[in-house]
Amino acid sequence: GAGVSQSPSNKVTEKGKDVELRCDPISGHTALYWYRQSLGQGLEFLIYFQGNSAPDKSGLPSDRFSAERTGGSVSTLTIQRTQQEDSAVYLCASSSKSVRASNEKLFFGSGTQLSVL
Amino acid sequence: KNEVEQSPQNLTAQEGEFITINCSYSVGISALHWLQQHPGGGIVSLFMLSSGKKKHGRLIATINIQEKHSSLHITASHPRDSAVYICAVSYYGGSQGNLIFGKGTKLSVKP
Numbered sequence: 001g002a003g004v005s006q007s008p009s010n011k012v013t014e015k016g017k018d019v020e021l022r023c024d025p026i027s028g029h030t031a032l033y034w035y036r037q038s039l040g041q042g043l044e045f046l047i048y049f050q051g052n053s054a055p056d057k058s059g060l061p062s063d064r065f066s067a068e069r070t071g072g073s074v075s076t077l078t079i080q081r082t083q084q085e086d087s088a089v090y091l092c093a094s095s096s097k098s099v100r101a102s103n104e105k106l107f108f109g110s111g112t113q114l115s116v117l
Numbered sequence: 118k119n120e121v122e123q124s125p126q127n128l129t130a131q132e133g134e135f136i137t138i139n140c141s142y143s144v145g146i147s148a149l150h151w152l153q154q155h156p157g158g159g160i161v162s163l164f165m166l167s168s169g170k171k172k173h174g175r176l177i178a179t180i181n182i183q184e185k186h187s188s189l190h191i192t193a194s195h196p197r198d199s200a201v202y203i204c205a206v207s208y209y210g211g212s213q214g215n216l217i218f219g220k221g222t223k224l225s226v227k228p
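From first to last, the protein sequence lines are chains A and B.
Quick note: the first sequence, position 102, residue 102 per the numbering used here, numbers continuous.
Here the numbering used here = 1-based position in the second sequence + 117.
The following block holds chain A by itself, in its conformation from the complex (with noise of 0.2 angstroms):
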């Protein structure tokens, strides 16, 4: 696609059930990021991908939450038993090496507010 996908854009939710969060990234990135954006915490890191493997979930904030990427592409982060405090904009970036590499930027989707009641 022509830029990072998510879905739902919005999502209300009761305390204590599942949701699940999507992310399309550009075709042909290999890197795929999720973080959370909330008032009170600002930006925050939760897992990155490469390829369809983790090398780093150390940003989940408890075991309820999870994330898996197939065929090196979609991504669904997955919250269980969701409380308040998940309330938050998900957001999911992609690149296409590396972070590091000179000039490689990332690119955003639009996010999911998720809320909780």
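If you are wondering where the hints come from, they were derived from the structure by calculation, not from laboratory data.
Hints are not guaranteed to be accurate.
Calculated pairs, DSS-like style, for lysine-lysine (alpha carbon to alpha carbon, straight line, at most 30 angstroms) [unchecked claim]:
no., chain 1, residue 1, chain 2, residue 2
1, A, K57, B, K220
2, B, K185, A, K57
3, B, K172, A, K105
Just so you have them, the derived chain B footprint on chain A, three or more residues with Cβ under 8 angstroms [said to hold, decoys possible]:
no., stretch
4, 33-43
5, 108-116
Glycine residues also receive a C-beta, built at the ideal position from the N, C-alpha and C atoms.
We have chain A; now place chain B onto it with these hints.
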């Protein structure tokens, strides 16, 4: 103490003014990013740099590794530059996507 500090937190400027936003960090880094977030929420990566200076149009980003400091400059500012500007670093020993973000600088450019 946040490892990435930005200043100022808020900035109001008149159209045409030269603007500087500062970012200081306390960790050894491999790269620094400047991001722009518009009121609608979308984030755009402006620059990724590990040394020296980069320029794109009216935007200039500089970094001083020894002083652990970076600046984003906007020349001839315009109301469409109004946005939140966020500095983020990837630190030595961290993975490439594990960024530490500053809290952002909210810029408002008045016509």
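Numbers of the earlier hints that this structure fails to satisfy, in rising order: none
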